[in-house]
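**Q** Assemble the whole structure, with the sequences as input and the hints as a guide.
There are 4 protein chains.
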Amino acid sequence: MNKKVVLAFSGGLDTTYCAKYLASEKGLDVFTIAVNTGGFSKDEVEALEAKARQLGVVEHRTVNIEQEFYDRCVKYLIFGNVLRNGVYPLSVSAERVFQAMAVADYVKEINADYVAHGSTGAGNDQIRFDMIFQILLPQVEILTPVRDQKLSREEEIAYLKKFGLDVPWQKAKYSINQGLWGTSVGGEETLTSHRPLPEEAYPTQVTEQTPLVLTLQFENGELSGFNDRKFDNPLKAIKALNALIAPYGIGRDIHVGDTIIGIKGRVGFEAPAPLLILKAHQLLEKHVLTKWQMYWKDQLANWYGMLLHEGQYLEPVMRNIETFLEDTQHHVSGTVFVKVHPYRFELQGIKSPFDLMASDAAAYGEMNHLWDGNDARGFAKILAVQSRIFHQVQQKAGGNEE
Amino acid sequence: MNKKVVLAFSGGLDTTYCAKYLASEKGLDVFTIAVNTGGFSKDEVEALEAKARQLGVVEHRTVNIEQEFYDRCVKYLIFGNVLRNGVYPLSVSAERVFQAMAVADYVKEINADYVAHGSTGAGNDQIRFDMIFQILLPQVEILTPVRDQKLSREEEIAYLKKFGLDVPWQKAKYSINQGLWGTSVGGEETLTSHRPLPEEAYPTQVTEQTPLVLTLQFENGELSGFNDRKFDNPLKAIKALNALIAPYGIGRDIHVGDTIIGIKGRVGFEAPAPLLILKAHQLLEKHVLTKWQMYWKDQLANWYGMLLHEGQYLEPVMRNIETFLEDTQHHVSGTVFVKVHPYRFELQGIKSPFDLMASDAAAYGEMNHLWDGNDARGFAKILAVQSRIFHQVQQKAGGNEE
Amino acid sequence: MNKKVVLAFSGGLDTTYCAKYLASEKGLDVFTIAVNTGGFSKDEVEALEAKARQLGVVEHRTVNIEQEFYDRCVKYLIFGNVLRNGVYPLSVSAERVFQAMAVADYVKEINADYVAHGSTGAGNDQIRFDMIFQILLPQVEILTPVRDQKLSREEEIAYLKKFGLDVPWQKAKYSINQGLWGTSVGGEETLTSHRPLPEEAYPTQVTEQTPLVLTLQFENGELSGFNDRKFDNPLKAIKALNALIAPYGIGRDIHVGDTIIGIKGRVGFEAPAPLLILKAHQLLEKHVLTKWQMYWKDQLANWYGMLLHEGQYLEPVMRNIETFLEDTQHHVSGTVFVKVHPYRFELQGIKSPFDLMASDAAAYGEMNHLWDGNDARGFAKILAVQSRIFHQVQQKAGGNEE
Amino acid sequence: MNKKVVLAFSGGLDTTYCAKYLASEKGLDVFTIAVNTGGFSKDEVEALEAKARQLGVVEHRTVNIEQEFYDRCVKYLIFGNVLRNGVYPLSVSAERVFQAMAVADYVKEINADYVAHGSTGAGNDQIRFDMIFQILLPQVEILTPVRDQKLSREEEIAYLKKFGLDVPWQKAKYSINQGLWGTSVGGEETLTSHRPLPEEAYPTQVTEQTPLVLTLQFENGELSGFNDRKFDNPLKAIKALNALIAPYGIGRDIHVGDTIIGIKGRVGFEAPAPLLILKAHQLLEKHVLTKWQMYWKDQLANWYGMLLHEGQYLEPVMRNIETFLEDTQHHVSGTVFVKVHPYRFELQGIKSPFDLMASDAAAYGEMNHLWDGNDARGFAKILAVQSRIFHQVQQKAGGNEE
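Residue numbers (the working numbering), protein chains in the order written: chain A, 661 to 1062; chain B, 661 to 1062; chain C, 661 to 1062; chain D, 661 to 1062.
I should point out that these hints are in silico values taken from the structure, not numbers from a laboratory.
A portion of the hints provided could be inaccurate.
Pairs involving identical chains hold if they fit within one copy or between any two copies, as the list cannot separate such chains.
What the hints assert, rightly or not - When the alpha-carbon atoms are kept at most 30 Å apart in a straight line, the in silico DSS-like pairs for lysine-lysine are as follows: (1) 664 to 1011; (2) 1056 to 663; (3) 951 to 810; (4) 896 to 939; (5) 735 to 951; (6) 735 to 768; (7) 768 to 951; (8) 735 to 939; (9) 768 to 686; (10) 663 to 686; (11) 735 to 1056; (12) 999 to 939; (13) 663 to 951; (14) 686 to 810; (15) 831 to 1011; (16) 939 to 951; (17) 1056 to 664; (18) 999 to 810.
**A** Dropping the structure here:
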C-alpha cells in the first residue's frame, strides 16, 4: 500500500503540478482538498472537483468552513476594528490560516503520512501553511515540491504535458484572491511603489451612481441586519450587504505593509462590506465604550491583526485577546446611519440605548448637575499639579527645561 | 494705580463682557490680547482691535504665533500622523494651548497681577486655559467672570447695554472655529448622536468637480512643496495647499470623542490640507520606515495627540516624544502621488531614495539572494516552536486547549 | 424625623469628630459603618463598636468583606503580578475602594440621605471615597466636615471635649494601615526623600533566623496551599502563609510613586505573603505562559494596578481586563519551591505539568527534532531581512544611518 | 593566494576546531579575533593569543571595545533600567552583538572573503552572529563548521589530536560567561526547572558580612562616582563598584525567559554592580521624572531589551529609542543612599535638586497653595464623570453591568 499525502489544492498550475508529481514521482496516494472560506462559488467548487478527478487523485474533498471562519476569526476582526496599517482588512492572510487548519484536520482524519502545499519559496503563504502544519501535525512531514525544485512555470507546464495535461495555463494579468473578508488584487502596478491599479483591475466594476441610504444594526458587536432586513446569522448579513454595496466601488485601496518575511509588500484589494462594517462598528463603539475601553481594544486588536497576518493564529495569547474583545461587546448594540456614494461612504450617526453622549444622558435630567465651573477649576488645578511642580523645580534648580 | 489684568480676547460676547466687567466692577486695568494661530485674516485682526478700542481697554495686543505653532506643535502632529480616534486632526484643542502660552508670556512681560479668560464652566477650553496658567503663572490669580457668575447670554447683553454697547449679539447657527490646522463646526446636529451636518454648515463649499493630480514633496517628514512649487517654509506650503484643495470638500468629517471632562463630544470639522498631508506622509512612512519604527511612532504619537488634546502640552514627556518623533524622520523624504476628487482623494503611490520596498531593492541586483525556500522552511519551523511546544504540552497534560 | 447620614467610621480622631459634628451641628441621624477588608482583629472590631456606642450613633454596623475583596480584586492582583512601580502591592489603595463600595451598599440599604467620610483635603483617600460615591450614589450628597472646615487636630479635640470625649488622642509615631494585602507605614522619615524607616517602625519584628524551605501550590493562578497544607479557600492560605513568614521580615520596602493628586508620595510597607505569592506566581508563569501572553498580561495588569490605585475600579475596562487575566490562568498550576531567609527569599524553581521549558519537553522524545542548524541559519537570515535592506538602502542613498 | 576567513575566536574547543578545520580542510588563510567587552583579564588575553599562535593562524587580533560597548549599549540599559523579565541584566546577549560587530569591522578592514563562528545549531548565539553578519556583511559568506557538521566534542578532540593538539578539553562543571554587565552561569541545575544553583557555582564567593553603607552619584543618568570617589568615566566607576560589592553576593539570580528560538531557557548569573546601579538609578528616576515619563521609558526600554536580546541591535528603531531614553535623562542627577548586606541591598533614599517630592517643593513655600479640599472635591467629581454616566446608562437600559 502506498503512503498517503494530503495536498491543499487550488486548481492552479502549482498545485496541479504537485498532484501529478507526488503521485508519479513519489509514488504517493494523493488526496486533494479545497477549503472554501467564502471565496468559491458553486461553479468554481464543481470545476475544481472536475479538475481533481481529471488528475486522477485518490480522492478530492471540498470543505466549506465559512461559518467556522466567521465564528473563530472574522467576528473578532470586527470586534477589534482590525485594519492592518489602518487600511487592509487582512482579507487573504486570515483565510490561509483557516485553510491550513482544515487541511490539518483532513490529514488527521485519514491518517495521512504527508501534507503538501504548492507555495513557492518567495511569499508569505508558505510560512502560514508551514507554521500551522508544524504546530498541529508535528509528526507529519511537509512536502513542498514547487518550493524545493525552484521550478519555473514553463518547467511545470512541460512536465504536465507529458501526462497529456495540455491546459492553456496563461497567467492572468491580475492575480485575484477572493474570500469572505475581501478580495486581493495583485498586478504589475503593485510591484512598483508609485503606480495605482486601473479601474479594470478590480473584480467589481462601479455601476451604481445614486447615493444609497443605509441603516446597519449591530447586536453585541455583530451585524444582525441592515435596513429592514433581519438575519439569523451575521455571516448572511455580511454577504447580502457586500452584494448590495459592491457596485459602488467602496472598500477599495492599496495596502503597503510588512510581510512576515521582512520585505515590504504592496497589494490592492476590494472589500466593500468589511470596510463599511468595520467603520460603522467603530463609530458605534466611540459612543458606547469608555475612553480606556477603546484604548485597550485598539492595542490588543492591533496585535491580533498582526499575529494573525503573520500566521500566529495558534499562539495562545490569541485566545486571551479574543476573550477580552468579546467581553467589551456587551453593549455594542444599536443602529448606525450610513450614506453610500460611488467610491466612498459617509457615517452619519448612531442610535443606541447604551450611548454615553452627554446630550442623551442630559435628557435623563441630571446631566446639568454633573459638575459646575467651580469643580472644573479644581479639576484643572489638580490636573496641572505635576507639571507645575516640575516647572517650579526646574526654575529653582536653574535647569534649562527645554 | 490699578492692578493689571491680561484678558484673552476673541471679540465675542463672553470676552466682551469680561473686558467691561473687569474694568468697571473690579477696577482693574484691562489689557486684551488676541493670539493668531492661523485662523484670523488681516480684516479680522483689525476688527478685533477696533472692538477692543471701543471697549476702552488700556491696551490691545495682537500676536501672530503661526510659525511658533507650526514649529513647536503642528510639525510633530505631522511626524506622528496624529488623528484623534482615527479622524480628527486636533484642530482647535492644540491651538488653545498655544494661545494660552502666548497670553502667559504677555502677563509676564507687563507683570500683570491677574490673567482672565471668558470660558464658561461647561467645556474643555477652560481646562486648557487654566492648566497652562497654573503651570506657567503659578503666582498669578486666574479670573473667570463668566464661569463664576454662571451668566446667560441675555444677562451679559443686558449688562453691556448699560454701557451703551448695544451690538446685535445674535448667535450664529453654526459655531465656527478657524485655525491653521483645521476649522471646527458645531451646530444643533452635533449635539445629537445621529444627525450629520448639512452641506451649508461647512465654511468652504464644494465648487470644484474636475479631479486634480498632485505631487507632494516631503523632506525629513515636512512638506517642502507640491507640484512644481518649492516653499522656503512648510507653513507656507500648508496654506497654499489648503487654498488649492479646500473647494474639493475633502478633509470633512464628524469627530466623536472623549473630552477632558469625561463626557463624549461630537464636532464637525473641515481640514483639507491637514488630512491630505497626514495621509500622504503616512504612506511615505510605510515605505521608508521599518515595522517597529511605525509601531512605536504610532504608540507615542497617539499619546502625544491625547495629552495635547487634554491640555497637557507642558508635561515633560511631550518633549521626549517630540525628540523621538523627530529622530524617526531622517529618511522620510520623497514624493507622494495623489489624485483629488470631490469629497475624497486617492493616494496613488510614492517615490523615495529610502524606499524599502523589495521591488526597488531588487533592482539593486541582490534581492534574489536574500533567502531561498530552504531558509523560509527553517524560518517557519523556528517561528512555530513556541506554539508547537505549547500544543504538545497541552496534549500531554490532557489539557483542553479549546 | 431627622435625615440620615452614613459615616465611614475608623474610630480615629477625624471620624469621631465627624460623628459628633453631623449629629449635633447638622441634626442628622448618624449611622456608622466599619468595613473590614482583612486588617481588623476581633478585638479591634469590638473596640470600634464600643467607641461608636459611646458616641451615641443611631446604629453601628461592621461588615467583613475580606472574601469579596479577595474574589473581586486581590485575585486579579495576583493573576497580574501587580506591583506599583515594581515595588508596592497596592495594600491600602485597593482596600479603600472596597470599603467605599460597602459604605455605598449600606447607604442604599437604609436609604440614607447623605454619605460622609472623614478625609482631609490633603490626600488620596478623599478622591477614592468621592469617586465611588459619585458613581454609585449619584443622588446622595457627600459630606466631608474635616475637609470643608480645614480643622487642626487641636480644634477637633477641643470640640470633642465639649461632649466629654476626653480621650488621649496622641498621634502615634508611625501611622499604620493594616489590611489583607499588606500594611502601610508612614512616619517622619517617609516625608523625606532620603531617610529609611527604622526597624521599630514596622509592625512585625524579625524574630526568625533559621531559613525556611517552602513549597507553594498554585491552581489556575490561585494559591491553593503550601507545604503539605491544602486550603479550601485561597484567602485562608494567604493568611496562614502571612503568619508563617512575617517574622522573617520579608516583603518590606519603601514605595515612591505618583499619587492621584499629582504629587509624589513615599510610604513604607510590610506585605510578607503578598510579595512572596506575587513573585512565586510570576516565576510559575514564566514557565507556563508564552512570551506574548506574559507581555500582554504585564501591559494590562500594569494598568489594572494604576487605575485601581487611582480609584477607577468601576471604570468598565477593569472588568474587561479581569476577564483577560482570568483567561490566561488556565494552566498556571504547579508547585513553586522557595527558601525564606531573614529579610529576603529565594525562588528556587518550579514543577508544573504545563511547563514549556525545553528540557522537559525534550523528555517527551521529540525536542531534538524541533529544528537543526540549517533551520537556524534560515531563520536568522530571514529575521535579518528588514534591517539588511534598510542598511543597503542607506548606503545606496548615501545616507548617514546613525 | 588563499582566500581569507575571519574567525571569532574564544580559545574553546569549538573555535579551536574551526581554526584548524578552516585552514587544513578548506585551505583558507585564518585570521582569528578575540573581542573583549569587559570579560577578559590581561592574562586571559595573552593566553588566547598564545593559543592562536600555537594553532598557526595567519594573524590573531585582540580588540578591546569595552568603552564602545558602554557608550553604545550599557548606557542605554541603565537609562532604561533594563532587566529582562524583571530579573536579568542581559549580561551575555548584549555582548555577543557587539563582538559580532567588531568581527565584521575586521572582515571589512582586511577585506576577508569569509566570516566564521563556532556556534552549534542549538543556541541563541548563532542567531546573533548570523544576523549581524547578514546585515553588515551582505556579500560575505558565513562559515559555521561545527553547526554544519553536527560534531560531538569527542569528534572535535579526535580531529585536533591528529595535529598534535592534545589539550585536556575537559568540560567545566559550570559554563561561565564573564562580561562587563554580568557573568552568566550554566550547569546541570539550570537545565531543570526546579533546581537552584549551589553556592560554589557562582564565580564570586561571599566573603563579606559587615553591612556597607554607600552613596552613588548619578549625573544625567550615568554613574559618575560613589562615596567620595569621582570617576572621569562611568565605565571605571562601574568596574570599581563591582569589585567592591561582589563579595557580598548581591546581584545573583536565575533568569527564566524566552530564547530567540522560541524555547524557554534558564540561566544563573551574578551581576553585582549592574543590579545595584539599575535599581538605584530607577529609584532616582521615581523622584525626578513624571508619571508619564516613567511609563513611556518603561515601555520603550522593555522593547530595547527584548530586541537587543534577540539580536536586533541594528534595527533602526533602536536608535530612535536610544534618542528618547537619552532625552529623559537631563535631570536624572543626584545621590542615592544604599546599604549593602550579604545577598541583598537596601535602597534608603535619594537627594536631588530635581526631586519632585512634595515635601521638598513644600520647602519652597508654596506647596500648601497647590490645591485645597474644594479643588479636590471638584477633581474627584469630574474624574468620576465617565464611569458615572456609564453606570447611569446601564441602569436606564436595564443592562446587567455585573
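**Q** So which of those numbered hints doesn't the model satisfy?
**A** Hints 1, 13, 18 are the ones this structure does not satisfy, whereas the remaining hints hold.
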